[in-house]
Amino acid sequence: MSINYDVLVIGAGSAGLSAALTLGRCRRRVLLADSGPTRNAPSPAVHSFFSRDGIRPTALLHLGHEQLAPYPTVEVRELKVTALTKLAHGFQATGHTGQGHPTTVVARRVLLATGVEDVLPPLPGFRELWGSSVLHCPYCHGYEVRDQPLAVYGQGKAVVGLALLMSRWTSDVVVVTNGPGHLTDYARQRLRRQGIAVREEPIARLVGTVRSGLRCVEFADGSHVECKALFLHPPQEQRSPLAAALGARLTSKGAVWVDKQGQTTVPGLYAAGDMVPGQQQALLAAASGSKAAICLNEALTRTEVA
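Going by my numbering, the sequence shown opens with residue 180, and the numbers climb by one from there.
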């Protein structure tokens, strides 16, 4: 099956839903390809989202889908896009539905909002507690664990910055590095001034459950440090290879590079949300999707009124 659209939006998280809403209001014929759970699905709540602070991630997405319903030019389908081909005047997307049926879609423009995957340390407890008490964003979750003992995981300059930032929410912060922390003397001095201890022993596991939360970081020598949550900035990978497969430029950190209009280095291919450079938060992803959609619509309009 092949159906022509103005825009194919791939990914139905905050960025994709926001982009589809903006494009629907522009009366663009849009297909929103929803391929399943979003990055923040394990989190109990979305915070710092104006008018929706504390809402469950699934509830926020449900609202987003509901608000697309009044726009007749927007279609939402359960669709996993596995390949994009550049055409003379657009793109061809191939993939399969949730029932496994092959599908082909042709669109004048494509907006990627497929997000990223967090690469967590291969230690017991990190994956199990991810999103509940192993956390990445202090702006999303710091307030909920304020004035409690917190651990910050990592090495080098990055862990120092995050640990110092966490001292905004609590005076009880410890850095755990799982071996040599690669910290400069100046970095250690800065941490000491804030009363932040550094534990460089190898980590055995995180102790806790999703229901009860994190209890402590247990080290290989049997000692432990108690904490109610652990923050880290893990490396990330693109959830989808579509941009790279088309030859779109990636940054040194693996993000998809975009210009001020949200367009990648592939003409007609746009990207928004966590997959592009910048701070990551649901509200910012939504704003990124809306901005890219506006720029995309204006670019299409210029081709139509020339």
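Calculated directly from the structure, the hints in this document are not laboratory data. Any given hint could be a false lead.
Derived DSS-like pairs: lysine-lysine, alpha-carbon spacing no greater than 30 Å straight-line [stated by the list, open to error]:
(1) 336 / 432
(2) 439 / 470
(3) 439 / 407
(4) 407 / 259
(5) 336 / 259
To see whether the hints hold, each was checked on the structure:
1. 336 / 432: holds, 16 Å
2. 439 / 470: This hinted pair holds, its Cα atoms lying about 9 Å apart.
3. 439 / 407: Between residue 439 and residue 407 the Cα gap is close to 40 Å, so the pair fails against 30 Å, i.e. violated.
4. 407 / 259: violated, 38 Å
5. 336 / 259: violated, 38 Å
In this structure, the earlier hints numbered 3, 4, 5 are contradicted, and the remaining ones agree with it.
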